[in-house]
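As you go down the protein sequences, you meet chains E and V in turn. Heads up: the first sequence is residues 1 to 454, going by this note's numbering. Heads up: the second sequence is residues 1001 to 1197, going by this note's numbering.
Note that these hints are calculated values from the structure, not bench results. Warning: the hint list may mix true and false statements.
Unchecked claim - Result set (DSS-like, lysine-lysine): computed pairs, CA atoms no more than 30 Å apart in a straight line:
| id | chain 1 | residue 1 | chain 2 | residue 2 |
| --- | --- | --- | --- | --- |
| 1 | V | Lys-1167 | E | Lys-161 |
| 2 | E | Lys-3 | V | Lys-1189 |
| 3 | E | Lys-45 | V | Lys-1050 |
| 4 | E | Lys-163 | V | Lys-1130 |
| 5 | E | Lys-45 | V | Lys-1167 |
| 6 | E | Lys-8 | E | Lys-243 |
| 7 | E | Lys-14 | E | Lys-245 |
| 8 | E | Lys-163 | V | Lys-1134 |
| 9 | E | Lys-45 | V | Lys-1003 |
| 10 | V | Lys-1189 | E | Lys-258 |
| 11 | E | Lys-80 | V | Lys-1050 |
| 12 | V | Lys-1050 | E | Lys-325 |
| 13 | E | Lys-3 | V | Lys-1192 |
| 14 | V | Lys-1006 | E | Lys-14 |
| 15 | E | Lys-405 | V | Lys-1050 |
| 16 | V | Lys-1134 | E | Lys-161 |
Said to hold, decoys possible - Facing chain E, a subset of chain V residues (Cβ under 8 Å, in silico):
| id | residue |
| --- | --- |
| 17 | Ser-1080 |
| 18 | Ser-1081 |
| 19 | Asn-1164 |
| 20 | Asp-1176 |
| 21 | Leu-1180 |
| 22 | Tyr-1197 |
Unchecked claim - Pulled from the structure, derived: some chain V residues nowhere near chain E, Cβ distances all over 12 Å:
| id | residue |
| --- | --- |
| 23 | Lys-1006 |
| 24 | Ser-1068 |
| 25 | Leu-1111 |
| 26 | Phe-1129 |
Every residue gets a Cβ at the ideal spot worked out from N, C-alpha and C, and that includes glycine.
These are the residues of each chain, in order.
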Amino acid sequence: MGKTLVDKIWEAHKVHEVEGAEVIYIDQQFLHEVTSPQAFDGLRKRDRQVFRINKNLATADHNVPTWNQHLPIQEPLSRKQVKKLTDNCEEFGVQLYGLGHQYQGIVHVIGPELGYTKPGMTIVCGDSHTSTHGAFGAIAFGIGTSQVEQVLASQCLVLKKPKNMRITIDGELQNGVLSKDIILYIISKLDTGGATGHFVEYAGSAIKNLSMEARMTVCNMSIEMGARGGLIAPDETTIDYVKSKWSGEQSDLAAAEKFWSTLYTDEDAKFDTEYHFDAADIEPMLTYGTNPGMGMKVSDSIPATADAKPLAYMGLNNGESLLGKEIQHVFIGSCTNGRIEDLRLIADFVKGKRKSDHVEVMIIPGSKQVEKQAKEEGLDAVFAEAGFQLREPGCSACLGMNEDKIPAGEYCVSTSNRNFEGRQGPGARTILASPLMAAAAAINGKIVDVRSEL
Amino acid sequence: MEKFEKVISTGIPMPIEHVDTDQIIPARFLKATTREGFGDNLFRDWRYDKADQPIQDFVLNNPTYDGSILVAGENFGCGSSREHAAWAIYDFGIRVVVSSFFADIFKGNSLNNGLLPVQLATEEMDEIFKAIEKNPSVQFEVDLPSQTFKILGTDQSFHFEIDNYKKMCMLNGYDDLDFLLSLENEIEKFEKEQVIY
Ligand code: SF4
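Produce the entire structure from the sequences given, and follow the hints as far as they go.
Okay, here's the thing in C-alpha cells:
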C-alpha cells in the first residue's frame, strides 16, 4: 500500500521504537521567550549543554511592545522574560534574533522568510501554531516546555504517530475570498476538536492555486480543529519560494530539489479520514462565538442552536446577522495574516479610503523584514493616509501579552487565529476574519461583505 | 516528576466543553520564568471578577466541591500549547483530570508533569457527574496499575487506556528526557546516516 506524505517524513526521522511510541529526530526547533525559560532551567539543573546548537533558533515576539522597540521594555515582567531569553541564548550559544535585530519577528513568520523552513523537515516550537511551517511540506507541530527541553538536550522527542486526514478543496474561489476564509470554513465544518489526533494534508486545486503565504495561513490554523499539524505537498510554488531563500551551496541545490520531488502522497495511500469541499461554496467568513469553530459565512445568521454562554460573552443573539454590526477595533497581524502579501492586499484595498472615525486600526507586521519591505513599497504612506497605524513586529493583540489589548466589551475584527474569551484582553470580543474583511470593517466602521466593495 | 500510583479523592465537576488553555491560565500570567506558583491564577478570569473578588458560582470557589480530581467536559485543554496550563492545574493540587476527550498537546504536557489525564466514554462521564450531583462528597479511586476509575461505594468501575511507555514513566516518575538521554549513541548514528537539506 502507498504511503502518505506524513508517513514518509515520519519514517525518515524515526530513530528508535518503544512500546506505543517512537523516537523522532527533529531537524529544526524555534524558540521564543514565553515557553523556553523553564526548558533552559531544566538543562542547567541537569548540567547539560544544547545538543545541536545550529538546529535551534530563537526570537522575541510574544511579549514585545509594538512602539519604540529601540527603548527598554516598559512592562517589568515582559522585560524580565525577554532578558531571560537573551541571557539563556548567550549562555548556551543559541542564535537569537532579538529586539532590534533586523531579522526579529513572529517565530512562524521568520522561519520561512529566512529560509530555515524547508520541505521534508521535522520542525517544532513551544507554540501551537508551529503548524504554519507545514505549508512547505514539513511535519511541524507545537510542543510543551518539557519537550522544548528534550529537543534542546537530545534533538529528539518521544511521540505517538498521528493519524492521517486529508482535506481536499477543489474548484475556484470567489473574488474576495481568501485562504483565511478557506480555513475558517473548514474549521466551522469540523468543529474545534474535529481533527484531534490527526495530521491533516490539504490538497485539491484550490489549495494548489494558493501562494506560499496563503498556504501558511491555512496550515497555521490546523490546530484550531484539534489537529497536531497540517501540511501541503511541495510543488513548483514551494520550490520556487525555497530556492529564493536558499543560503546553502548552489551545488547542493540540485540534490535538494531531487529530494523535494519525492515528497508527495502516493496515489494508493489510505487516509484514516477524508473530507472534500467545493471552493465555490466558500464565502468570506466570520466567527460569532468564543472558539474558531463557531464560524459562519458572512451572508449567514448565527445558528439558532449556538450555545448561550459564548453568545452572552460576545453580546450577540441566536439568529442575528453580523452584517452592519458596529465595531471599535481592527487588528491586522499575527502569524496567520501578518505577512507582506497580507499588507499589500490591504494597502491595495484601502488606497484613497479613510477609516471610520470610531475605529482604531493597528497593523502589526509579522517581522522586521515585512516592516522594511512594506516601507520600501510605500505601503506605510497608504496606511497613514487611511488612518491605519503601522507599528513594529510582534504577536501584539493576538494574545495581549504586551500593552496592545482590546478593552472589555468592545468588538475587534481580527486577522489572528483565536477568539477565545479574553484572548485579546479581559472581556474583549473578537471576530476572526480575513485581512480584506478586516480592512473593509475598518473603513465602514461596521461589518460589511467585502465582495460588495471590490 | 513525582511518581503516580493511586489517587483516592472527591471530584470537582466542571462540565464545560472545549475548555481552552487560555481559560486555564490566561496569557498575561505566562511571564514567570519558573514552573511554580501558577495555581493561584488557575482559571483566573472565571474565578475572579475585575475587582479580583471571587465569583461565587464558579466551581473552584464553591466550598461544596474539593479534591484532587477534576471532572471535566469534552475536548479539555484545546488551544495554545502552553505547558503552564498543566503546571497551573498541578500546582493547584489536582492530580487527575478526567474527560471524555482531551486535546493532544495538553494530554502530552500533563503526562510529562505527573498529572494523569483519564479518558472515559461519554456515558461513563455522565455517571460520574451524576454521582457528584447526588453526593458531592462521593469518593473516586484512580488506580494506574490496573487502569481503573472507580466510583467508591458503588460497583461502578471504568477501564481507561494509557500507552505502556507512558504508564511506566508515570509509575516510576521518569520523564521522556531520562529515556532520550540514554539513546545518545543511537541518535548520533542516525545523524550520520541522515541526509537533510
Ligand atoms: S501571533 Fe499569535 S498565534 Fe502567532 S505565535 Fe504569536 S501569539 Fe501565537
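Status of the hints after comparison with the structure:
At most 30 Å may separate the alpha-carbon atoms for a hinted pair to count; V/Lys-1167 and E/Lys-161 meet this at roughly 17 Å. Distance check on the hinted pair: E/Lys-3 and V/Lys-1189 sit about 25 Å apart at the alpha-carbon level, within 30 Å; holds. Restraint check for E/Lys-45 and V/Lys-1050: not satisfied, since their Cα atoms lie roughly 38 Å apart, outside the 30 Å limit. Our distance criterion of 30 Å between C-alpha atoms is broken by E/Lys-163 and V/Lys-1130, whose separation comes to about 34 Å.
Of the supplied pair hints, the one linking E/Lys-45 and V/Lys-1167 holds, its CA atoms being roughly 25 Å apart against a limit of 30 Å. Our distance criterion of 30 Å between C-alpha atoms is met by E/Lys-8 and E/Lys-243, whose separation comes to about 22 Å. Distance restraint check for E/Lys-14 and E/Lys-245: the Cα-Cα separation of roughly 28 Å lies within the 30 Å cut-off, and the hinted pair is therefore satisfied. Taking the CA atoms of E/Lys-163 and V/Lys-1134, the gap is about 39 Å. The hint is violated against a cut of 30 Å.
At roughly 19 Å between alpha-carbon atoms, E/Lys-45 and V/Lys-1003 fall within 30 Å of each other, so this suggested pair holds. At roughly 24 Å between alpha-carbon atoms, V/Lys-1189 and E/Lys-258 fall within 30 Å of each other, so this suggested pair holds. Straight-line distance between C-alpha atoms of E/Lys-80 and V/Lys-1050 comes to about 26 Å, which keeps the hinted pair within the 30 Å bound. Proposed proximity of V/Lys-1050 and E/Lys-325 is supported: the alpha carbons are some 26 Å apart, at most 30 Å.
Between E/Lys-3 and V/Lys-1192, the direct Cα distance comes to roughly 25 Å. Compliance with the 30 Å bound is thereby established for this hinted pair. Distance hint between V/Lys-1006 and E/Lys-14 is unfulfilled; the C-alpha atoms sit about 34 Å from each other, more than 30 Å. For the suggested pair E/Lys-405 and V/Lys-1050, the alpha carbons sit about 15 Å apart, so the restraint of at most 30 Å is met. Taking the CA atoms of V/Lys-1134 and E/Lys-161, the gap is about 41 Å. The hint is violated against a cut of 30 Å.
Here the hint on V/Ser-1080 is kept, as its CB sits about 5 Å from the closest CB of chain E, short of 8 Å. Of the supplied interface hints, the one on V/Ser-1081 holds, with its beta-carbon coming within about 4 Å of a beta-carbon of chain E, less than 8 Å. Interface hint status for V/Asn-1164: upheld, as the beta-carbon distance to the closest one in chain E is roughly 4 Å, under 8 Å. Because the smallest distance between the Cβ of V/Asp-1176 and any Cβ of chain E comes to about 4 Å, under 8 Å, the interface hint for this residue holds.
Evaluation of the V/Leu-1180 hint against chain E yields a held restraint, the C-beta minimum of about 4 Å falling below 8 Å. This hint holds: V/Tyr-1197 has a C-beta 4 Å from the nearest C-beta of chain E, less than the 8 Å allowed. For V/Lys-1006, the non-interface assignment is confirmed: its Cβ lies about 22 Å from the closest Cβ of chain E, beyond the 12 Å cut-off. No beta-carbon of chain E comes within 12 Å of the beta-carbon of V/Ser-1068; the shortest separation is about 21 Å.
Once the 12 Å rule is applied to beta carbons, V/Leu-1111 is inconsistent with being away from chain E; the minimum gap is 9 Å. Listed as a non-interface residue, V/Phe-1129 keeps its Cβ farther than 12 Å from every Cβ of chain E; the least gap is roughly 17 Å.
In the structure shown, a violation is registered for the earlier hints numbered 3, 4, 8, 14, 16 and 25, in ascending order.
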